[in-house]
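Q: For chain A, the structure is supplied; the task is to place chain B on it using the hints.
Protein chains: 2
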Amino acid sequence: MNSIHIVSAFDGDLHYLANKLATMGGHAERMVDQAVAALVANDAVLARKVTEDDRILDEAQRDIDEKSIVIIGKRQPMASDLREIIGAIRIAADLERVGDLGKNVAKRVLAIGSASQPVRLSRGILALSELALVQLKEVLDAYASRSVERLSAMRDRDDQIDAMYTSLFRELLTYMMEDPRNIAPCTHLLFCAKNIERIGDHATNIAETVYYIVTGQQMPVERPKDDRSHTLSSEKLKS
Amino acid sequence: MNSIHIVSAFDGDLHYLANKLATMGGHAERMVDQAVAALVANDAVLARKVTEDDRILDEAQRDIDEKSIVIIGKRQPMASDLREIIGAIRIAADLERVGDLGKNVAKRVLAIGSASQPVRLSRGILALSELALVQLKEVLDAYASRSVERLSAMRDRDDQIDAMYTSLFRELLTYMMEDPRNIAPCTHLLFCAKNIERIGDHATNIAETVYYIVTGQQMPVERPKDDRSHTLSSEKLKS
Chain A
10 MNSIHIVSAF
20 DGDLHYLANK
30 LATMGGHAER
40 MVDQAVAALV
50 ANDAVLARKV
60 TEDDRILDEA
70 QRDIDEKSIV
80 IIGKRQPMAS
90 DLREIIGAIR
100 IAADLERVGD
110 LGKNVAKRVL
120 AIGSASQPVR
130 LSRGILALSE
140 LALVQLKEVL
150 DAYASRSVER
160 LSAMRDRDDQ
170 IDAMYTSLFR
180 ELLTYMMEDP
190 RNIAPCTHLL
200 FCAKNIERIG
210 DHATNIAETV
220 YYIVTGQQMP
230 VERPKDDRSH
240 TLSSEKLKS
Chain B
10 MNSIHIVSAF
20 DGDLHYLANK
30 LATMGGHAER
40 MVDQAVAALV
50 ANDAVLARKV
60 TEDDRILDEA
70 QRDIDEKSIV
80 IIGKRQPMAS
90 DLREIIGAIR
100 IAADLERVGD
110 LGKNVAKRVL
120 AIGSASQPVR
130 LSRGILALSE
140 LALVQLKEVL
150 DAYASRSVER
160 LSAMRDRDDQ
170 IDAMYTSLFR
180 ELLTYMMEDP
190 RNIAPCTHLL
200 FCAKNIERIG
210 DHATNIAETV
220 YYIVTGQQMP
230 VERPKDDRSH
240 TLSSEKLKS
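So the sequences go chain by chain: A and B.
The opening position of the first sequence corresponds to residue 10 in my numbering, with each subsequent residue numbered one higher.
The opening position of the second sequence corresponds to residue 10 in my numbering, with each subsequent residue numbered one higher.
Hints listed in this document are in silico derivations from the structure and should not be mistaken for laboratory results.
Wrong hints could be hidden among the right ones.
Calculated pairs, DSSO-like style, for lysine-lysine (alpha carbon to alpha carbon, straight line, at most 27 Å) [to be verified]:
hint	chain 1	residue 1	chain 2	residue 2
1	A	LYS83	B	LYS83
2	B	LYS203	A	LYS203
3	B	LYS203	B	LYS146
4	B	LYS76	B	LYS29
5	B	LYS146	B	LYS76
6	A	LYS146	A	LYS203
7	A	LYS76	B	LYS83
8	A	LYS76	B	LYS76
9	B	LYS58	B	LYS203
10	A	LYS203	B	LYS58
11	A	LYS58	B	LYS203
12	A	LYS83	B	LYS76
Residues from chain A shown here face chain B by an in silico Cβ test under 7 Å; the list is partial [claimed, not checked]:
hint	residue
13	GLY82
14	GLN85
15	MET87
16	LEU91
17	LEU182
18	MET185
19	MET186
20	PRO189
21	ILE192
22	ALA193
Covered by chain A, according to a simulated footprint, are these stretches of chain B (three or more residues, beta-carbon under 8 Å) [said to hold, decoys possible]:
hint	segment
23	89-102
24	175-187
25	190-196
26	199-206
C-beta atoms are modelled at their ideal positions from N, C-alpha and C, and glycine is treated no differently.
This is chain A alone, in the form it adopts within the complex:
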C-alpha cells in the first residue's frame, strides 16, 4: 500500500480488503482476550457476549471472499496483485477460525461454571493466551506493513506456546488424577488450552501467507505443526 502508487480503483479495492482484514484481526484478538478474561473471572455475561460476537467475523469473512472474487473477475490482476487477493482470502479464513476457537473457549466458561479451579491453572491459560495474542498481533502488523523481517521470530514463540501448552496439559492431568471432581472442569480447561494453542498455529499460517504475499515464495523450512502433548503417555504421567 505504497503512497507513491497512483490511486486507482484497483488500489481502492485492495485497500478495502486490507482494511476489512485489519478490522477482522482486531475483532479476533478482542474475542480471544475477552474469552480468556471470562474464563479466569468465571464471567458468564462476558462469555455470552463473546459467543455472540463470533457472527461478526463470519460475516466479514464472507464479505472478503465475495469481494475478492468480484475483484479478480473485474480487474484480472496479475502476479503480486493476485497474491494480495488470494492472501486476503486465506487470512480471512484463519481469522474466522481464531474467532471460532475464542467462541469455543467462551462456551466452556458456561460449562465449567462455578467449579473451583486452581488459580495456577487459570494463570497458565492466561499466560498461554497472552503469548498467542502477541503472535497474532505481530503477524497482523507484519501484514499491515508487508514486512517479512520479524516473521522468523514467530517460530520461536510458536515453540514456546507448544512447550507451555504441553506443560499445562501435564498439570491438568495431574489435577484430574488427584480428585475426580476436577475431571470435568479440567477437561474443559484442556480443550481451552488446546484451542489457544491452535490460535498460535493460525498465527503461523498467517505468517506463511504474509511471506507468500510479499515474496511470491513459500516460507522456507518445515515447522512442527503440533504440540507435543500427544507424547505424554500414561506411564510418564503417572510418575
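A: Structure of chain B alone, referenced to chain A:
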C-alpha cells in the same frame, strides 16, 4: 466438467485441479480410516505410517495453490471458472486439515500405548469415524459430479456426528472418574474423538464450497458449527 465442452488448455487446467483434489480426497479418507484402525488395534506400525503419509497431503495442497494462481494469472477466468479455481484452493485447505487431524489421532495411538481401554470406547470412536468418512465420501462425490442435491442430507448426518461425539465425551469422562488410571488414555481418546468430529466439520465446509462452485451462492441456512460437549457441566456429569 461437461463432455460437450470444447477441450481447451483451460479445461485441461481445471481437470488437473479436479483430479489432484480427488487424489487428495482419497488419501485423506485413507489416513483417517487407518488412524482409527491403528487406534482400535493399538497398532503402532500403522500409526507411524499414517503420521508419515501426512506429508503427501501438504505437498498436494501446495501444488494446488501454486497451480491455481498460475491458472488465474494466465487464463484470466471469469465467473464460474473462477469459482472452480477458488473452490479448489478452499477444498485443498480443508483436505489438508483432515490429514492433520488423522495424523494427530495416529500420534495419540503411540501415546496411549498398551493402556487398557474399554472396547466400547474404541467402538464408539470407530462408529464416529465411519460416519465422518461417509460425510467426506459423499461430499467428494458431490464435488466430482458438481451436484448439490445430496448436500442437504449432510447436515442431518453432521448433527448425528455431533450427538455421537457428545455422548462419547460423556462416557469418557465417566471412565475417567471411575479410575484415575483411565485419565491419561481417556484424555487422548477425547482428543481423538474431537479430531474426528472436526473432520465432519471440514466435510461440511467442503459441502459449502461445492454449493458455491455450482450455484455461485452461499449455502443457505445457518448451521451449528460446534459440538455440544461444552454444555456438559460438572454438575450434570456427576449425577
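Q: All hints, please: hold or fail.
A: Against the structure, the hints:
no., hint, in the structure
1, LYS83(A) / LYS83(B), "15 Å, holds"
2, LYS203(B) / LYS203(A), "11 Å, holds"
3, LYS203(B) / LYS146(B), "19 Å, holds"
4, LYS76(B) / LYS29(B), "11 Å, holds"
5, LYS146(B) / LYS76(B), "25 Å, holds"
6, LYS146(A) / LYS203(A), "19 Å, holds"
7, LYS76(A) / LYS83(B), "21 Å, holds"
8, LYS76(A) / LYS76(B), "22 Å, holds"
9, LYS58(B) / LYS203(B), "22 Å, holds"
10, LYS203(A) / LYS58(B), "25 Å, holds"
11, LYS58(A) / LYS203(B), "25 Å, holds"
12, LYS83(A) / LYS76(B), "21 Å, holds"
13, GLY82, "5 Å, holds"
14, GLN85, "5 Å, holds"
15, MET87, "5 Å, holds"
16, LEU91, "6 Å, holds"
17, LEU182, "6 Å, holds"
18, MET185, "5 Å, holds"
19, MET186, "4 Å, holds"
20, PRO189, "4 Å, holds"
21, ILE192, "5 Å, holds"
22, ALA193, "4 Å, holds"
23, 89-102, "holds (count 6)"
24, 175-187, "holds (count 3)"
25, 190-196, "holds (count 5)"
26, 199-206, "holds (count 3)"
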